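Student: Could you build the full structure based on these sequences and the hints that come with them?
Chains as they are written, first to last, in the numbering used here: chain V, 8 to 134; chain C, 9 to 153; chain X, 6 to 276.
Simulated from the structure, these hints should not be mistaken for lab results.
Since the model is a prediction, treat every value here as computed from it, not as a measurement.
Wrong hints could be hidden among the right ones.
To be verified - Derived DEER-like restraints, expressed as beta-carbon distance ranges:
| no. | chain 1 | residue 1 | chain 2 | residue 2 | range |
| --- | --- | --- | --- | --- | --- |
| 1 | V | Ala-19 | X | Lys-48 | 49 to 59 Å |
| 2 | X | Met-63 | C | Leu-25 | 30 to 40 Å |
| 3 | X | Asp-129 | C | Leu-39 | 46 to 56 Å |
Unchecked claim - Straight line, CA to CA, 20 Å or less: simulated PhoX-like cross-link-like pairs of lysine-lysine:
| no. | chain 1 | residue 1 | chain 2 | residue 2 |
| --- | --- | --- | --- | --- |
| 4 | X | Lys-224 | C | Lys-120 |
| 5 | X | Lys-28 | X | Lys-48 |
| 6 | X | Lys-251 | X | Lys-122 |
| 7 | C | Lys-80 | V | Lys-54 |
| 8 | V | Lys-12 | V | Lys-100 |
| 9 | X | Lys-122 | X | Lys-158 |
| 10 | C | Lys-111 | X | Lys-224 |
| 11 | X | Lys-224 | X | Lys-158 |
Think of the CB as a built atom: it goes at the ideal place given N, C-alpha and C, for glycine as much as any other residue.
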Amino acid sequence: MRETKYWTWHMAAGVVIFFLLGLHMLIMHVGGITHLFAPHGGEATSKVNSLYRDGSLFFLTTYVLLLGVALYHGLYGLRTILFELTLKPAVEKAVSVVLLVAGLGLFGLGAWAAFATHAIAIAGARG
Amino acid sequence: MAEIKRHDNRLGLWGWLGGGRWGIERYAYILHRLTGLGILLYFLMHVVVTSLRARGIYLWVEGGVFHQPMFKFGEFLVFAAFAYHALNGVRLVLVELGLAVGKPIEPVYPYKTSLGVQRPLLIAMMILAAILLAAGGYNFLSLAK
Amino acid sequence: MPAEINFHVTRYNPECDQAPYVKTYRVPVREGMTVLDGLHYIKDNLDSSLAWRYSCRMGVCGSCGMLLNGRATLACNTQILHIATTDLTVGPLPNFDIIRDLVPDLLTMFEKHVAVKPYIVRADEAELDDPAGEFYQSPEELGAYLQFTYCIKCGCCMAACPTLATDARYSGPMPLAAAQRYNADTRDDGRRARNQLTGSSHGAFRCHYAGECSRVCPKGVDPAKAIQYLKRQLVLDYLHLARRKKPCAKMHGPGQGKPLANITPAPAKTV
Chain V
8 MRETKYWTWH
18 MAAGVVIFFL
28 LGLHMLIMHV
38 GGITHLFAPH
48 GGEATSKVNS
58 LYRDGSLFFL
68 TTYVLLLGVA
78 LYHGLYGLRT
88 ILFELTLKPA
98 VEKAVSVVLL
108 VAGLGLFGLG
118 AWAAFATHAI
128 AIAGARG
Chain C
9 MAEIKRHDNR
19 LGLWGWLGGG
29 RWGIERYAYI
39 LHRLTGLGIL
49 LYFLMHVVVT
59 SLRARGIYLW
69 VEGGVFHQPM
79 FKFGEFLVFA
89 AFAYHALNGV
99 RLVLVELGLA
109 VGKPIEPVYP
119 YKTSLGVQRP
129 LLIAMMILAA
139 ILLAAGGYNF
149 LSLAK
Chain X
6 MPAEINFHVT
16 RYNPECDQAP
26 YVKTYRVPVR
36 EGMTVLDGLH
46 YIKDNLDSSL
56 AWRYSCRMGV
66 CGSCGMLLNG
76 RATLACNTQI
86 LHIATTDLTV
96 GPLPNFDIIR
106 DLVPDLLTMF
116 EKHVAVKPYI
126 VRADEAELDD
136 PAGEFYQSPE
146 ELGAYLQFTY
156 CIKCGCCMAA
166 CPTLATDARY
176 SGPMPLAAAQ
186 RYNADTRDDG
196 RRARNQLTGS
206 SHGAFRCHYA
216 GECSRVCPKG
226 VDPAKAIQYL
236 KRQLVLDYLH
246 LARRKKPCAK
256 MHGPGQGKPL
266 ANITPAPAKT
276 V
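Tutor: Set out below in structure tokens:
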């Protein structure tokens with residue numbers, strides 16, 4: 008039943024990603040039409056607009072949440088594809104461990120960056 | 009009893025991608041897989057590149073290495089992959105939880121399958137993906153000007 | 006006026022061939038002739054060494070599953086002129102080892118079938134072994150699994166499944182549809198035992214609804230639908246959201262039931 012647990016959360020993560028990454032994409036890739044969360048004008052990806060979002064508690068929370076669920080959804084998806092290649096059980100185990108370590112490492116890096124930039128943005132806003 | 013020699017006739021990766029007399033859901037499955045792998049590859053690099061901003065390095069803004077039309081087009085492709093993967097994913101969540109495949113029926117020839125039950129959902133999702141793609145394309149072209 | 010069709014048939018003799026090869030035969034075809042008839046023509050007139058498996062000739066036994074023009078189906082209920090005008094490729098079902106020519110080794114499928122416990126599982130085993138009564142089941146309850154009982158184990162779904170093309174350990178559409186057939190049976194109480202296998206890393210979650218199994222099934226069983234029901238039940242069981250139902254109870258012993266008023270009594274026993 009372990010796979011049932013993994014798969015259930017894979018689906019749940021997909022639903023969360025649908026909304027959060029959907030918002031991210033509307034800001035970043037349809038920004039020319041939506042002009043969402045880019046108060047300084049120009050490209051949504053510009054440094055000032057990035058810093059504006061980094062300073063917001065809403066974006067700090069959703070970035071970290073999206074980072075976690077997207078890493079889980081993506082790496083479990085990759086694991087699924089690799090497991091369908093009739094690997095040896097020892098290789099399957101190794102794949103799981105490597106993906107888990109990679110996922111935790113990237114989550115640590117991304118979460119640290121989100122918190123650090125949040126602090127920089129707030130300090131910048133205070134002058 | 010002597011062991012009889014057999015020939016392994018497993019199709020291998022060609023069995024995932026193999027074209028021919030397959031149905032539309034087969035292609036949807038292949039594309040879901042390919043777009044998923046593409047998005048994941050981008051996402052893993054994206055986490056590293058955007059994390060550099062904590063050290064004040066913004067590689068994607070004007071003057072940065074990733075602020076070139078080639079990368080902008082690459083990002084549009086990622087957006088296109090997302091549009092497909094997300095909307096096809098909505099269909100898959102509904103189908104794979106048994107919510108969009110109909111009820112069991114008595115098989116009377118000509119047989120009807122659950123593929124026909126979920127087909128309108130597939131078509132609706134692909135229309136939505138096309139609309140999203142058009143919006144992303146318009147955005148990409150307006151930025152490229 | 007019979008048409009001549011080129012049959013491109015996969016040949017493989019384990020005693021002398023390193024790998025399968027394709028041999029072409031010209032077969033005169035009349036309207037209504039099935040691929041099985043064409044293979045008989047080849048064996049009777051052109052090449053007596055050709056081997057394939059068949060039995061009933063009418064889509065019931067599930068022996069003659071083959072890959073015809075790239076599509077897994079039964080040779081006996083496929084008319085040649087419906088799928089070919091000049092050329093027809095005839096190969097063994099893929100995703101199974103080839104024993105000889107068009108004969109696949111279906112043993113792997115049957116082993117996976119047995120593994121899902123394709124039979125009624127109940128705590129009162131004595132009742133199953135030596136029945137002393139009848140279980141009550143309504144027509145609606147029958148309808149929940151009837152479709153999945155029509156499976157003839159021909160292996161066409163297994164040959165069309167993209168996951169099985171690479172994952173030798175995946176249970177596959179036929180065994181998983183059989184698991185759902187029994188899970189949905191109100192007489193059965195074995196779902197949680199089957200969940201151990203259907204919910205494992207090579208169980209139902211390796212299905213991604215490419216839909217090929219349902220498309221090729223010659224009996225309209227729709228294994229893809231059965232697998233999605235399995236997944237939903239697995240998730241509900243994991244989240245403890247499934248209602249715990251007892252298997253249906255025994256109604257009465259043989260001969261103790263009350264016949265309906267408008268049913269004429271059975272004739273007297275003659276033996």
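Student: Against the earlier hints, flag every one the structure doesn't satisfy and list their numbers going up.
Tutor: Going through the list in order, the structure violates no hint and respects every one.
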